[in-house]
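So the sequences go chain by chain: G and Z.
Under our numbering, residues 1 to 323 are what the first sequence spells out, in order.
Under our numbering, residues 1 to 499 are what the second sequence spells out, in order.
Hints were generated in silico from the structure; no laboratory data involved.
Any given hint could be a false lead.
[Said to hold, decoys possible] Computed list of lysine-lysine pairs in DSSO-like fashion (alpha-carbon distance at most 27 Å, straight line): (1) Z:Lys344 / Z:Lys356; (2) G:Lys191 / Z:Lys137; (3) Z:Lys137 / G:Lys272; (4) Z:Lys358 / Z:Lys344; (5) Z:Lys137 / Z:Lys55; (6) G:Lys272 / G:Lys162.
[Claimed, not checked] To give a feel for the contact side, a few chain G residues facing chain Z, derived at Cβ under 10 Å: (7) Lys162; (8) Lys194; (9) Thr195; (10) Gly196; (11) Tyr198; (12) Glu207; (13) Leu268.
Ideal Cβ positions, reconstructed from N, Cα and C, are used throughout, including at glycine.
Here is how the chains run, residue by residue.
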Amino acid sequence: MQTIQQSSKPSGRASVVEQLREAGILAILLLGALIFSFTVPSFFSVDNAISGIGLSAAINTIVAIGLTYVIITGGIDLSVGSTAALSAVIGADLMQRGLPAILAVLAALAVGAVAGLVNGLLVTRVQLAPFIVTLGTMTFYRGLALSYTNGQPILSLPDNFKNVLGGNIAGFPIPLLVALLLVGAFTLLLKFTKTGQYILAIGGNAEAVRLSGINTSRYITLTYVISGVLAAFAALVLIAQLGAAEPILGSGWELSAIAASVVGGTSLSGGKGNVVGALLGALLLSMLQNVLTLLGVQAFYQLLATGLIIIGAMVIDRYTRGS
Amino acid sequence: MVELLSAQQINKSFSGVHVLRDVQFSLRAGEVHALLGENGAGKSTLLKTLFGIYKPDSGTLSVNGQSVTLSSPGDAQAQGIAMIHQELALIPELTVAQNVLLGNEGREVLNYARMEARVQPFLDQVGLMVAPGTPVKRLTIAQQQMVEIARAVARQARIIIMDEPTSSLTTHEIEQLYQVVRELTARGVGIIYVSHHFDEIEALADRVTVLRDGAYIGTVNQRDVTQEQLVNMMVGRNLVTQTGDHNRQVGEVRLDVQELSRTGAFQDITFRVHAGEVVTLAGLIGAGRTEVLRAIYGADPFTQGKIQLDGQRITRPTPATMMRLGVGFIAEDRRHQGIVPDAKVSVNMMLTSWAKGKVGVREGEMRQRVEEQIQQLGIRPANANQIIRRLSGGNQQKVILGRWLSAGCQLLLIDEPTRGIDVASKADIYALIDDLAQQGVAILMVSSELPEVLRLSDRILVMREGHLVGELTRAEASEERILGLATGAQTDANYSAVV
Ligand SMILES: Nc1ncnc2c1ncn2[C@@H]1O[C@H](COP(=O)(O)OP(=O)(O)OP(=O)(O)O)[C@@H](O)[C@H]1O
Ligand SMILES: [Mg+2]
Numbered sequence: 001m002q003t004i005q006q007s008s009k010p011s012g013r014a015s016v017v018e019q020l021r022e023a024g025i026l027a028i029l030l031l032g033a034l035i036f037s038f039t040v041p042s043f044f045s046v047d048n049a050i051s052g053i054g055l056s057a058a059i060n061t062i063v064a065i066g067l068t069y070v071i072i073t074g075g076i077d078l079s080v081g082s083t084a085a086l087s088a089v090i091g092a093d094l095m096q097r098g099l100p101a102i103l104a105v106l107a108a109l110a111v112g113a114v115a116g117l118v119n120g121l122l123v124t125r126v127q128l129a130p131f132i133v134t135l136g137t138m139t140f141y142r143g144l145a146l147s148y149t150n151g152q153p154i155l156s157l158p159d160n161f162k163n164v165l166g167g168n169i170a171g172f173p174i175p176l177l178v179a180l181l182l183v184g185a186f187t188l189l190l191k192f193t194k195t196g197q198y199i200l201a202i203g204g205n206a207e208a209v210r211l212s213g214i215n216t217s218r219y220i221t222l223t224y225v226i227s228g229v230l231a232a233f234a235a236l237v238l239i240a241q242l243g244a245a246e247p248i249l250g251s252g253w254e255l256s257a258i259a260a261s262v263v264g265g266t267s268l269s270g271g272k273g274n275v276v277g278a279l280l281g282a283l284l285l286s287m288l289q290n291v292l293t294l295l296g297v298q299a300f301y302q303l304l305a306t307g308l309i310i311i312g313a314m315v316i317d318r319y320t321r322g323s
Numbered sequence: 001m002v003e004l005l006s007a008q009q010i011n012k013s014f015s016g017v018h019v020l021r022d023v024q025f026s027l028r029a030g031e032v033h034a035l036l037g038e039n040g041a042g043k044s045t046l047l048k049t050l051f052g053i054y055k056p057d058s059g060t061l062s063v064n065g066q067s068v069t070l071s072s073p074g075d076a077q078a079q080g081i082a083m084i085h086q087e088l089a090l091i092p093e094l095t096v097a098q099n100v101l102l103g104n105e106g107r108e109v110l111n112y113a114r115m116e117a118r119v120q121p122f123l124d125q126v127g128l129m130v131a132p133g134t135p136v137k138r139l140t141i142a143q144q145q146m147v148e149i150a151r152a153v154a155r156q157a158r159i160i161i162m163d164e165p166t167s168s169l170t171t172h173e174i175e176q177l178y179q180v181v182r183e184l185t186a187r188g189v190g191i192i193y194v195s196h197h198f199d200e201i202e203a204l205a206d207r208v209t210v211l212r213d214g215a216y217i218g219t220v221n222q223r224d225v226t227q228e229q230l231v232n233m234m235v236g237r238n239l240v241t242q243t244g245d246h247n248r249q250v251g252e253v254r255l256d257v258q259e260l261s262r263t264g265a266f267q268d269i270t271f272r273v274h275a276g277e278v279v280t281l282a283g284l285i286g287a288g289r290t291e292v293l294r295a296i297y298g299a300d301p302f303t304q305g306k307i308q309l310d311g312q313r314i315t316r317p318t319p320a321t322m323m324r325l326g327v328g329f330i331a332e333d334r335r336h337q338g339i340v341p342d343a344k345v346s347v348n349m350m351l352t353s354w355a356k357g358k359v360g361v362r363e364g365e366m367r368q369r370v371e372e373q374i375q376q377l378g379i380r381p382a383n384a385n386q387i388i389r390r391l392s393g394g395n396q397q398k399v400i401l402g403r404w405l406s407a408g409c410q411l412l413l414i415d416e417p418t419r420g421i422d423v424a425s426k427a428d429i430y431a432l433i434d435d436l437a438q439q440g441v442a443i444l445m446v447s448s449e450l451p452e453v454l455r456l457s458d459r460i461l462v463m464r465e466g467h468l469v470g471e472l473t474r475a476e477a478s479e480e481r482i483l484g485l486a487t488g489a490q491t492d493a494n495y496s497a498v499v
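All chains should be modelled from the sequences, with the hints used to inform the complete structure.
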């Protein structure tokens, strides 16, 4: 019988199939880009690649990193869009009142952290379902943002803020650069630290982790805080582009971020996921939208295409996973 | 002598039900102290209070003579206590090394190569021959059990609690476990050992403490007592050991399996089961017995071969069609494939009857049937509305049996019928299986417990590495013959020698 057991040979941490999957999305992405660059005029221009795809993908990626973490624990965060709006209007307001941009940015991030902390504590201490908690705070935070500004946008943000977060380094937009750095950092955190592995383990079998003497509540809460901070950060990137903060910004962000995570291979039942996948997912979705826009396809057909991509990715996932 | 651990006057109730009453327990360095009792006696509950999972309502606990309060598993670990749980508690996506070191990884930034190297000696020690980088989800249940044991060893625990550690191990692995236990005790580790198997207790235990219905009955030196005396302490009466019914009349062929194969799992499996006959698939873990059983029920596919039920060919069995044709199935992995953990006992028991349209979902309609089974199987607590997750492991198993007994079936496929069941209930379940056979039900079971195989079977089919390698009638069978065929030390002339 030892012969049977030994056939399950050394295999490393990520199985070959899983790596292939990631490579698969990358391949689809490159293939799509190649096809579009020949068929769609103006697709393959630096300008389009950066402003048409890169910027929207960057924002979505930043949000999706946080959501990926939450989803890995088996949770969900529907409140990211509202958290983004709330942090954006508070940050923008502070800047307008003359607070140095850097302090206003930190304040906005702190707002995101607190919003996430509230979600996390309701999930872990009060033991409410993540879906319900964040459905509630999604509405509540949006209400806060609207009442804070009386429903009005906050205009004319300081130039230094716009120039830094909305600027370029050697022609490369800072938001995109920051998104890539964050992807790298959160990948390392997930794969090579105790914190990251506990988060994965909690999604796999929370009770077993608890019985191993690990404070699971702390790590679950942490994922919501990360999600809140990253949502706030994405909002800052956006308002630096727009030069104004609207209390209605970020609506629908939760859905695109969930889509990016899931297309990238994160399992909604928890225990499994990766941040690079979320980046690829976000790029794929943005590229599709961009091409359809360039082709002059009407918005409602774009929805059809996006829906098909999401379901298609799940179908591929189902079959590449085998059992 | 040093008392590693001492618990006095422990009381614990769950929503008014007194589960532990003034229980005492102590553990010395270097001893194996067995905890014995019927299903639901409170063994797991006591262990969980010693591990900080439950907080006792009253009582005192001391470790190394120091009085302590354990309010979480983390506290217990800090006191040098490790626990191997009755229901496996590993993280499927993580590797063996990560599971072994979970909560003990050292620095925040992980170095996998170092972790794997650190874990290797512990795997060697428990005799687990898989690479430490293998994800746990690829291991068999037995291998996972060894991972749990390696984890306790790696923790450098002074006190190791083992709640039914052998319930999914076969003979060879049990030997391995004995060896690990002996090495540990030689180093002064104290082990608390729960098992329903007297041979294990005889092989390992220095002292035995018996619980009955949550009450402390006594602590004895294992060498001073007989098995009968222990059973008497457990159940409060003498147990009549019955032998099986030797002259059962078997009827028509009910199940006819021909050349059933699935690549990589089992090859050319051909056999028949008659009405009123108990046939057992015996063999080592990994021999493909469970796979054959599941394929017959349609839980997994097969690639070749033929299955006939009452002479009628079933081309593509699925659990739903098989159930409607009167086939019942009790899976090996109770926790994942048997129970609906958060549903009531009544719901768990009536699932199949509902699907068969035998009973409605209204409380009143179910009650009588559920109560009947609770009585017949001696399920405790006898409360149809209890959430099944809160039942002890053995009682959960009885509920699953009740599911098929009340739904009725002509062919019952059972994988490990008495896993985690105490001696007294085991006797009840054997009697029940005899009864079913008497009524003409055909029974095909998988069992790794040889005394059970010998006690129940009319015929024994032995599997090895995916092949059928021998057949023994009740008269021919003995533990030695079964093991001989299962390991390949002996062969059966009627079956082509394989591998
Ligand atoms: N969380 C809980 N809530 C309510 N009752 C519980 C809970 N946990 C255990 N019980 C009850 O306590 C009693 C003792 O259960 P326990 O699991 O300790 O038994 P056991 O001796 O380990 O049995 P087994 O041999 O079947 O594993 C049972 O009647 C069980 O139903
Ligand atoms: Mg138990």
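Right, here's what the structure says about each hint:
1. For the hint pairing Z:Lys344 with Z:Lys356, the CA-to-CA distance comes to about 19 Å; that is within 27 Å, so the pair holds.
2. For the hint linking G:Lys191 to Z:Lys137, the alpha-carbon distance of about 18 Å falls within 27 Å, and the restraint holds.
3. With a C-alpha separation of about 13 Å, the suggested pairing of Z:Lys137 with G:Lys272 holds against the 27 Å cut-off.
4. Pair hint Z:Lys358 plus Z:Lys344 holds up; C-alpha atoms about 19 Å apart against a cutoff of 27 Å.
5. For the hint pairing Z:Lys137 with Z:Lys55, the CA-to-CA distance comes to about 32 Å; that exceeds 27 Å, so the pair is violated.
6. Our distance criterion of 27 Å between C-alpha atoms is broken by G:Lys272 and G:Lys162, whose separation comes to about 37 Å.
7. Of the supplied interface hints, the one on G:Lys162 is violated, with its beta-carbon coming no nearer than about 37 Å to a beta-carbon of chain Z, more than 10 Å.
8. With its C-beta approaching chain Z no nearer than about 5 Å, G:Lys194 sits inside the 10 Å limit, and its interface hint holds.
9. Annotation: interface hint on G:Thr195 holds; nearest CB of chain Z at approximately 7 Å, less than 10 Å.
10. Because the beta carbon of G:Gly196 sits about 8 Å from the nearest beta carbon in chain Z, less than 10 Å, this interface hint is met.
11. At its closest, the beta carbon of G:Tyr198 sits 8 Å from a beta carbon of chain Z; the interface hint therefore holds under the 10 Å criterion.
12. Residue-level restraint check for G:Glu207 holds (minimum Cβ-Cβ distance to chain Z is 7 Å; threshold 10 Å).
13. Annotation: interface hint on G:Leu268 violated; nearest CB of chain Z at approximately 15 Å, more than 10 Å.
Hint compliance for this structure: hints 5, 6, 7, 13 are not met, and every other hint is.
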